[in-house]
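Residue numbers (my numbering): 1 to 145.
There may be inaccurate statements among the hints.
[As the list claims (entries may be wrong)] Here are the computed distance ranges between Cβ atoms for each label pair:
| id | residue 1 | residue 2 | range |
| --- | --- | --- | --- |
| 1 | Leu136 | Ser58 | 15 to 25 Å |
| 2 | Gln75 | Lys49 | 18 to 28 Å |
| 3 | Glu41 | Leu66 | 37 to 47 Å |
| 4 | Tyr55 | Ala139 | 41 to 51 Å |
Bear in mind the hints are in silico, worked out from the structure with no lab data behind them.
Idealized CB from N, CA, C, for every residue including glycine.
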Amino acid sequence: MSIVCSISLPSCSSFAVLSSWCSAAHLQDEGPLLTGTPLSEPEYDQFFKPLRAPYRASATCLIRALYGCQNPLIQRLDQYENHGVIPQGPVCSDLPEIPFFADFCTFTFYRCTMKKYFVKVSLNCFQMKLVLRNALESADTGNGW
């Protein structure tokens, strides 16, 4: 699966930076098990590599602040960061001061506001949520506990 960023955007340097980065980003098809999971360490390194310059990360945050998480380009970045599916509901972070956020959008706004551009969603928390969800689904169908 690959993510294509073919969106008509106003002529703006922030959009140009983000659009050029997005057009270079490709999501590897890792199969159904990774869909919606955070990127691995090597994948995060690759994901953030074009944004390492502070002005580029800042440009992405400016677009997020101006247009919100519902902007198609921002959604594509968020999907890319999570193997194609933006997490629904609470997410955990690698931030010791705030380990939980109400949703992925809130997490990304915090990351931008605090200029902690490269903080990630915690995979450990994601795995715990999967186990809990599977247990609840099993209980609902009468196949568990």
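Could one say that the CB atoms of Tyr55 and Ala139 fall in the range 41 to 51 Å? Holds, since Tyr55 and Ala139 (Cβ atoms, about 50 Å apart) stay within the stated range.
Verify the CB-CB distance for Leu136 and Ser58 against the hinted window 15 to 25 Å. Violated, at about 40 Å.
Practice task
Return holds or violated for the Cβ distance of Glu41 and Leu66 against the range 37 to 47 Å.
Solution key: Distance hint for Glu41, Leu66 is violated at roughly 31 Å.
Discussion item. Within 18 to 28 Å: is that where the Cβ-Cβ distance between Gln75 and Lys49 falls?
Written reply: Given about 21 Å between the Cβ atoms, the range holds.
Of the numbered hints listed earlier, those contradicted by the structure are 1 and 3.
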